[in-house]
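Start from chain X and add chain H according to the hints.
2 protein chains.
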Amino acid sequence: MTRQYISMENLRFLLFEVHEIEKLTTYSRYAHVGGKEELNFLLDAAKGIADKEMFPFFKEMDSQPVIHKDGRIHSHPQLKNIIKAVADAGWYTATTDIEDGGTQLPYTIFAAAHLIFEAANSSAQGYIGVSTGSLELISSFGNEALKKIYMPPMMEGKWQGTMALTEPQAGSSLSDITTAAEPVSDGSYHITGQKIFISAGEHEACENFIHLTLARIKGAPAGTKGISLFVVPKYLPSDDGSLQNNNLICAADFQKMGQRGYATTHLIFGEGGPTKGFLVGEVNRGLSYMFQMMNAARIAVGQTAAAVASAAYYNALHYANERPQGRLISDKDLTKEQTLIINHADVRRMLLMQKSIVEGSLSLVVECLKWYDLEKILDGAEKEKAFLLLEILTPIVKTYPSEAGIVSVSNALQVFGGYGFTMDFDAQQYYRDIRIMSIYEGTTGIQSMDLLGRKVTMQSGKALQMLAGEIMQTIEEASGFEDLLPYSKACGAAVEKLQKVLQYLQSFAIKGEVELYMADANLFMEYCGLVTVAWQWLKQAVKAHQALQKNDIPDHQKDFYFSKLETMKFYFKYELPKTESLAITIMHTDKMTIKKEREILM
Amino acid sequence: MTRQYISMENLRFLLFEVHEIEKLTTYSRYAHVGGKEELNFLLDAAKGIADKEMFPFFKEMDSQPVIHKDGRIHSHPQLKNIIKAVADAGWYTATTDIEDGGTQLPYTIFAAAHLIFEAANSSAQGYIGVSTGSLELISSFGNEALKKIYMPPMMEGKWQGTMALTEPQAGSSLSDITTAAEPVSDGSYHITGQKIFISAGEHEACENFIHLTLARIKGAPAGTKGISLFVVPKYLPSDDGSLQNNNLICAADFQKMGQRGYATTHLIFGEGGPTKGFLVGEVNRGLSYMFQMMNAARIAVGQTAAAVASAAYYNALHYANERPQGRLISDKDLTKEQTLIINHADVRRMLLMQKSIVEGSLSLVVECLKWYDLEKILDGAEKEKAFLLLEILTPIVKTYPSEAGIVSVSNALQVFGGYGFTMDFDAQQYYRDIRIMSIYEGTTGIQSMDLLGRKVTMQSGKALQMLAGEIMQTIEEASGFEDLLPYSKACGAAVEKLQKVLQYLQSFAIKGEVELYMADANLFMEYCGLVTVAWQWLKQAVKAHQALQKNDIPDHQKDFYFSKLETMKFYFKYELPKTESLAITIMHTDKMTIKKEREILM
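Chains as they are written, first to last, in the working numbering: chain X, 1 to 602; chain H, 1 to 602.
The hints are simulated quantities; they were obtained by calculation from the structure and are not laboratory data. Hints should not be assumed to be uniformly reliable.
As the list makes no split between identical chains, a pair holds if one copy fits it or if it spans any two.
[To be verified] Below 30 Å or equal to it, Euclidean Cα-Cα: the simulated DSS-like pairs (lysine-lysine) are:
hint, residue 1, residue 2
1, Lys591, Lys148
2, Lys511, Lys596
3, Lys332, Lys218
4, Lys59, Lys591
5, Lys596, Lys500
6, Lys578, Lys591
7, Lys511, Lys336
8, Lys578, Lys595
9, Lys69, Lys59
10, Lys489, Lys500
11, Lys23, Lys543
12, Lys332, Lys462
If we strip away everything but chain X, and leave its shape as in the complex, we get (with noise of 0.2 Å):
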């Protein structure tokens, strides 16, 4: 049997009682889809080929990486097959409009997929979501006769597509990308410069690689309104179907501390021969449209991260059912044989915060999906509410996972002890995949920067509210319950110490001091997410305390269902109050991380 990497019950939970995605497909264009069942069903096949095709290669695409060797990149045999099934199933196209094609699926739906497979491998499915990303860009912005050339290779599994984004010299500061884009007679225009960090840009299991790309024409705008957007093969189609040379070249590799499976490239466009580029949409509009693949890129990285934690925390929990070591404090008898390490505090304590951390993210990420559906299928001020909301949510979503989850990893390799650091264990590989996605799409500080800078900011401050209404809404269903109300009273506390931090922190933006104001933006962040996660936190137990209150139910839902109430419980108090020392710290008079003439760095 496979090794438990995620709780299809947990998934259940979360996408039909807590956040009730089945509502979605009462909406006309998800109607075709059928209900829960049907949902449901399709999951299972996922997991299916989670299990078949992805967990069982997790180790095997670690310890023989993807590698760039003899002038070219070396990607691990199974990644074919892991594609294939992927395609064959029709994930490829889920969302695709079925008059294209695909099977218009909720976005969520397809996501919770994703979510299987990134707990299983995540270096895999890293293919799969970035090529679906690139898809999901052609589809909305380009031609029809890029979506006729390159979408069904890529709806195939056939073609790779990726994002382009980074150079050497620009990073996270996409306002100084330099590769250039020079138009040329046939409408085409010939691509030049350097892209580093391009995920998948080569690997065997793929013919083509479609990037998506970011340049600058001659003579655009300095900064990102100068940006446009092209798609860039590396193998130009011909009418007969034959692939010709484009003059891309995948220059080498980045080997990684983790997800060594996944390719990290450095390109070349326009050595040794023209490199041909076809724009997408408008002139110095790029920037704009590849947000909207960096908006579900930034939720999957959180919605990776969660995966990751997930898996490793399943891994802990199992290894502490099984392995005896030492006796309860409150029974020293060393006549009687050891205790399984689940019966320790301490272990339990470590179990516990993983559990928080994993089904918080998972409710938070299944909450940012369901509004990045409603979005597209809503109206008038409801669509604008889905888009504020997911637009504060985004880069809350991206970073609380991914920082929490790398502690709630940490914690897993610990229950271990020794053995979680050797390569023998999985725990050492879960620790070193999921120390990426904090950096992944945005470090945490540039979303924390987002955040405040831009997300708080928005439409004076609007999309805040919509969320701290979301969040008084839940409470006060929470206060309903007699067994709910102290968490839901400290929740509220937390929600109103964080209008306090605002406060004070817009006292300096006020001022113009907008380097004060932006100075703890990482703390803020982390007040937010935990606050949005116990938010979250709350909601799951309404549903498990309405559950628990109805008679007939079997006895592993019972358990079930008051296992998430203790984890809230859990989650209350040894997560949000953290909250209270970031308050302390925001609010904290001395000032010493803003440069000043004296360097204090040393």
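Then chain H, alone, in the frame of chain X:
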């Protein structure tokens, strides 16, 4: 020039200004050493070895790790040169009495040299640390015959010493070791059993391996009271100097996530023939002897963690001073060049966090080393005080640098952005290397139980009183300076709240609810670590403040002391307030980590 991995200026500040280690030379045992100048000369010499022999091989010893292949361990060829250079410079015999052929240096200076080695190459230093620890154990408790035979080649670095405690079924639970010792007619014992995770258990740089092995003599009482200590050599030395097979097999190694240059082995005793062992000291007192080595080893682990975090910090600081990226929030002018990342507030926050953890940890390490020395020199009540302070500080100095160090190094990696995750940069190696420190020599869970269960309660709380007394004395000193008053007050408030927390916990102990008393030992440890390091920062601030009041100091020294004051403030703003959340959590009425009838972990 060698890249910086440690600040000798800071080390000297801690040794001589803050902890006044040169005063040790006023005691007769160390009178021959000279004074500060001589000690400085020794440290500079150690730095020379580290620069030349150790740091240049830091990366290579990771990428070409120790490995068990073809029936034996293969280690990096440089290891032999490292051991030779360190032994030739006299560091293997630095603490040995002059009459026994040593240099009889203060332990603190010996450990300071180790600290330099650890920052340069923690894997390499491992071999030296475990050998000198074994030497001290034989020297303290071995009979003359053992000393005569085993010490000289170990002192020359020709033979490797190890400590062999852990067994597959008994990791943290030493009560459960089963390795057996059967007395034979010649006064020696036949040892049978297996030991795992034996660091430096075999490699190519030494001729023989002397395992200080815990085993149970047939018929010994159960638990830790029935454990004896043995010298078990891989090869038995004959009178003619030749080495004879002792049937001690290195059966395998453990490939690890980090410290890959440090051999971790699996030993089998007494298979294919008898393995001889020689009793050290008295029967059944093995664990108490081993604790001498283990206490020093625990300080050494904390010290190594601080050293690794130091190396990672200077690595990140160097990068931040060279890497341009983005623009200041207050000056987004795109026509200007990108700014160095060290100018961004969030990068500065990450660097200052590292500096506050590294220098705070190092100060705590030197504090403990000082008491380690004094405990050996002093008599009567003074000796008792030193003993008690060491007892209570040992679990803390093992844990704070390890746990905070992991966070510190993670922030170092984050400073590099995507590059930090690549194998081309060293950040990821530090990240992998330091992760073991919270597991080595008793996990954080074990240390926390030691602190709250044993050290806090010993002699009716006398050790904790001693520590509180020391802290109060520093608070008083700091309160004499108006600028330091807010920080001495904050430290005092944290100590006061700690007492409240402890009273709360003791209410459970009084009722006999020991599981509840101990359930959050880990958080109690975190609290104690934060306060203890706040104390160390206050100590440093007092000295820095005093120094700045002198008018005739050169500018670069002024900068150094000013930087100390600012880093102290950083710690008091960003780190110490974490105690507030910890207190809330520990005193929260919900208790869900004690195992109850109904399992909530699923």
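Task: Enumerated hints in conflict with the structure, sorted upward - done: Numbers 1, 4, in rising order.
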